Amino acid sequence: MNISTENRNGRTILSLKEERLDAHNSGELKDYILKLLEDGHTRLVIDLSGVRFIDSSGLGALLSGYKNASLRSGSFLLAGLQPRVQSMFELTRLHRVFDIYPSLREVPDGN
Amino acid sequence: MGGETDIINVEIVVPNQTRYLSLIGNIAEQVAKALDVYTGDRDALAYHLNLVLTEAMVNAIQHASPSDANKTVRVCMQICDKDLRIFVYDHGQGFDLNAVPPPNLDALNERGRGIFFMRTFMDWVSYRKADNGNVLEMYKKLA
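Chains H and W supply the protein sequences, listed in that same order. Under our numbering, the first residue of the first sequence is numbered 1, with each subsequent residue one higher. Under our numbering, the first residue of the second sequence is numbered 1, with each subsequent residue one higher.
A hint or two may mislead.
[What the hints assert, rightly or not] So, partial list: chain W residues that the calculated Cβ filter (under 8 Å) puts toward chain H: (1) 18; (2) 21; (3) 50; (4) 111; (5) 117; (6) 120.
Just so you know, these hints were derived from the structure itself, not from any lab. All of these numbers come straight from a predicted model, not from anything done at the bench. No residue lacks a Cβ here, since even glycine has one placed at the ideal position from N, Cα and C.
Whenever a hint applies, use it, and build me the whole structure from the sequences.
The following block contains the structure:
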């Protein structure tokens, strides 16, 4: 999976460079997030602006990240959801679980 | 010319590997966008068909036994006038679709939303034994 990672203003930002987040690559994302958390990066932001399609496995990988960050008293924010991706969060009510920001610019500093 | 019935029949056979999900999903999107008979939001329909086919194919892959690595998944999409039927054939052990409950959306389970998506975006979903394996069949009225 193509992911770029950057530390900015007290947060670790993961930008997914994939059009699809599905059962083919969601396992890799889940492991990647878990590794970052284990390495002490507990304030994570997932930039989904490049993702135009998400399936149930993709939602599951993000939930895994959210739960594992919460276990470590960290934060797990989502940014840049495209409208159809956002609608999947709404249908499954996960928009009530995640803190979702329109874009990375709106994400508050983590310091 | 009036009175003619548009028939589209697409059949795809791919190895039962997740790397082919995008191929199947993209074909479903293109079919949806070509459906002049559909008067609703065709872009939304395209996403939903991509999603239900992705979920159905993952289901087929997961229910195949590990020794089935070289087996295939066969996907058929049939559009006849305003009726859309999708068939996804697998060679696995199968499962009881009727025993799958609706997900508890307030619980933070990482799994269990795939069949929910199929039931949400299609009018009818069934899973039964067929052709030395199983077939997941989905139906949607397009108008």
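We went through each hint and held it up to the structure:
no.: 1; hint: 18; verdict: holds (4 Å)
no.: 2; hint: 21; verdict: holds (5 Å)
no.: 3; hint: 50; verdict: holds (6 Å)
no.: 4; hint: 111; verdict: holds (6 Å)
no.: 5; hint: 117; verdict: holds (6 Å)
no.: 6; hint: 120; verdict: holds (7 Å)
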